[in-house]
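> Whole structure, please, built from the sequences with the hints as guidance.
Protein sequence lines, in the order shown, are assigned to chains A, B and C.
Its first residue numbered 1, the first sequence is counted upward by one per residue in my numbering.
Its first residue numbered 1001, the second sequence is counted upward by one per residue in my numbering.
Its first residue numbered 2001, the third sequence is counted upward by one per residue in my numbering.
Simulated from the structure, these hints should not be mistaken for lab results.
Do not rely on the hints blindly, as some may be mistaken.
Stretches of chain A that chain B covers, calculated by requiring three or more beta carbons in the stretch to come under 8 Å of a beta carbon on chain B [as the list claims (entries may be wrong)]:
1. 113-120
2. 201-213
3. 232-245
Beta carbons: idealized from backbone N, C-alpha and C, even for Gly.
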Amino acid sequence: MLVNQLKMIPLSAWFGLVVIFLTAFIALFAPALAPYGETAIVGAQYEPWSDQYWLGTDNLGRDMLSRLIFGARNTVGLALFTTTIAFSLGAFLGILAALKAGWLDMLLSRLIDVLLSVPPLILALMLLAILGPSIPNMVGVIAVIYIAPVFRLARAAAQNIVVLEYVQAAQLRGEGTFWIIRKEVLPNIMSTLIAEFGLRFCFVFLFIAALSFLGLGIQPPTADWGSMVKENATLITFGDYTPLLPAGAIALLAVSINFVVDWMLHKSSGLKD
Amino acid sequence: MNNLTKQIGQRLALGVGTLFVVSILIFIGIELLPGDLAQEILGQSATPETVAAFRQELGLDKSPFVRYIDWLGAALQGDFGRSLANGRELSELLSGRLLNTLFLAGFAAIISVPLAILLGLLCAMYRNSWFDRTINTAALTSISLPEFFVAYLLILFLAVQNNVFPALAQVESATSFGDALYRTFLPALTLILVVVAHMMRMTRASIINVLSRPYIEMANLKGLSRWRVIFKHALPNALGPIINVVALNLAYLIVGVVVVEVVFVYPGLGQLLVDSVVKRDIPIVQAVGLFFASTYIVLNLLADILSILTNPRLRHAK
Amino acid sequence: MTDNTKQLLRIRNLRMAANTANGPLEIIKGIDLDLQPGEVLGLVGESGAGKSTLGLASMGYSRDGCQFTDGVVEFKGRDILGISSKERRALRGCQIAYVAQSAAASFNPAYKLIDQYAEGPLFHGEGNREAAETDAVDLYKQMRLPNPEEIGFRYPHQISGGQLQRAMTAMAMSCRPDLIVFDEPTTALDVTTQIEVLTAIRNIVEEFNTAAIYITHDLAVVAQMADRIMVLKDGQLVEEADTQAMLSDPQESYTKTLWSVRSIEKRKKPLPDAAEKPLLSVKHVDACYGDTQVLHDISFDIYRGRTVAVVGESGSGKSTTAKVICGLLNADKGAIEFEGNQLPNCFKDRTKEDLRHIQFIYQMPDTALNPKQKIKDIIGRPVKFYLGLTGAALEKRVRALMEMIELDPEIFMNRYPDELSGGQKQRVGIARALAAEPDFIICDEVTSALDQLVAEGILKLLMRLQDELNLSYMFITHDLATVRAIADDVIVMQKGKVIEQGETEKMFKPPHHEYTELLLSSVPEMDPDWLSNLQKQRETEVT
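What follows is the structure, encoded as structure tokens:
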């Protein structure tokens, strides 16, 4: 049975799963894997690839490979943390709005509409201009922004469930709101939510990378894939693709997550598509 | 007809209302700024007198409400005040950059919209064929790539290794149209690659949705040709969703411009916005933010109204 | 039968398969079918029998995810599975036409009826637009559509379901096909509308001597329409005979069970004493959805141990009344009294005890049970919630309840709803209601989503439980046969008002209220001449 299910996983999803697990492994054991320290200056500027510095050194003479490995921990970890905040708040409020309906739903939905009426990147830039760029500010700002789409999805998914007779039966029985959310609604929208989590994580991850690239996200000297591209971009004009490696790492992980999410969505929608 | 005008009226009112709320929020942003803006700008060494004088110049001594009305009134007339960093009149600074941004976004849009709709349509028609699968995987990959990755890849291959296009998109007011197209080709291509992928996936999904309706099966059972079923029966009903997809992606395009402009050092609004955020030049951030937000809102509003207009159920009341 | 050139349709050993998660599944298992010009063949069977698939196969069409695996479909002696898709398209709509179940969904919302009518003839090169328009008006007239001159210039959403169904039949006729496939054309309609559509379809098919395949699950309907009947089950032919013979002398046991008239024996109950207080009283209730008033001054009583059927067509307010009783919709005026005590309007303000007394059984067994909960949890929750039982006591009670509804606890306790059949799910729904140990149960169309045999089992179970537990039922239904079989009292509703109420026996005997009469006379009967007689009768009444 399990073997059959494993066989059903398409190649793209396999690829995605392998990359995700590999990234998680690297992120978890970064200090053990990296040859040098995260911020240690170990050589001259822009040294080429060598036995000593496998991927050369960066604009300050830090080991590229080590920073790439620590970057996995920082960039991915922060993205995961931010997504988790946005996701738990958004999903909870969305389900609550669907179940309670009435004024609470109206109020929350209008608030979310306003949040969604401004493009995310612009909203983030404006908020960061006011608050000043720092890691906690960035995490807060992105979490607030991404509550909106999660709220929308969770609300819509929960609304489809709330109208079903078994939820009505629980309401008429006199069950409390939290019991109904936990036992009747949540189990039935879980697969939708998990796929959405993957998708949102991907967006948040790209978002953090973009902000860091613009110099407004994760601040130096912390190693981070987005800002590493920015710091070493000059090399590209000399035809050296080393600065593209962190960008490639971002792309690879994002593609992998999207492949897995796509497969999950495809599976949950049955054979309709 | 009555119902239709009512619906459109509602959307318009909602759009104007949202614009209003967003403008208030953007304005309140400054109020939230920790510490005193004047103090912040002049630095700790400034004497209390100069700070007070500067406050007056900024209008910080007036009540927030009065300042909001003043600011909005002036903004509506195209006067966004002066830059904090260099004291230049913003309207001058912005107009040239606004044109550049619109040029780049327009360039990308003109190519990507028809291309994406065509690809989406073909994928929907030949669903699950190898063509569909290839395009889909490519699109999925493309939307996962950070814009700056695509941009640098293009620079590496098309500007550095093969000197086909310039790596920096430098345009001035004197640049001729053809030359401008040549110089902005790489940034435009970056935008196109990302936006086409998004738009094509959404178009495909909305057409597949329409194709699963019983009236399409009916059209097939009436013996109509494949093309007639698609163009006469599916497309008119898919129009509303497709319009929404296009609007959403144009809005996305306007925003996507920010990162691309930074990579190619293109003198547009996006690059200005990023610079100003770093320098915390709040009036510029406000003005550019307001521009991006209103474009986004207006595009979405337009899509809403158009899809109401193309919905036969709403167009022909009971 | 042997002359292939004269025969219209000839299907031999047809096999079709559907793609499922576990590989291909055979849904048509080697069926033969013959149809002569001008003949009407009825395809009868329960859900999943493969009727629609077979109907579409006779046009050489298979839905997405289905494919032909074996067999021949010959139309006028030509194998239509073997020809090119272009040639097949030339046949469809022109020589073989299709009438779908839901006309509302099958008309393209973007075009006027007349445009969709004219499309076929123009595309197949049968005349010009003007001719098509005149022809459409003629056919609309024959289909007895109101305003035949103008109705074609309206959009589908501007017209009622019954009229759309007739317009679709007219559209199918536009090229004067030799064969029309009717796929449950009246299933979605109310009985009084169904009659009009059935009459119109029958007249026009006779008029043009068109052959037809008439697909339905309703035996009484097919008896009116078909010359010959084929009974299908699980993609196989069970029995085939002329309508008359099939009705009077079915051979196979499966067919016999389908044919058998309701075998429920209702025990006649004495009328309640004058002194007895009603269990539940609905007193002068008005209710609104938004600005539109949907219930007008509804009053009735329900006594202990009795079954009250609330009958009416869609939009009559019968389900709304149930909502008001359980507090899901607020009454604007009037009151609901339970054992003489007025209940709060909203269910949120009612006590746990109030809620326990009134239980609900739902129409759709698929959505009535949470697919992520085991059967024992679904049934056990009310026991724990209301009666506070836990551990071994709880399990014992759940087992007892499952035995009451005739499901073996050993087999079903740890299953999920998806692993149960429709009838079994409905039984679990009943057990969940019983678990609260209520006095009063609202049954909302509990059998309408089930096949006839299964429905009968459910009704019998409900009757037995009533006798054992002295329950009261409020039975909401549009099916008068069910009413006659199980109800002690009947309430007839129309447009939010109670039209007539009283004991079942009396209600089924004349004199009736005008609307009750219409409702009663519109229910198709097994007699093949019923529709003709009714038509004659109604015509003489008019003149």
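> Could you tell me which of the numbered hints above are not met by this structure, giving the numbers in increasing order?
none
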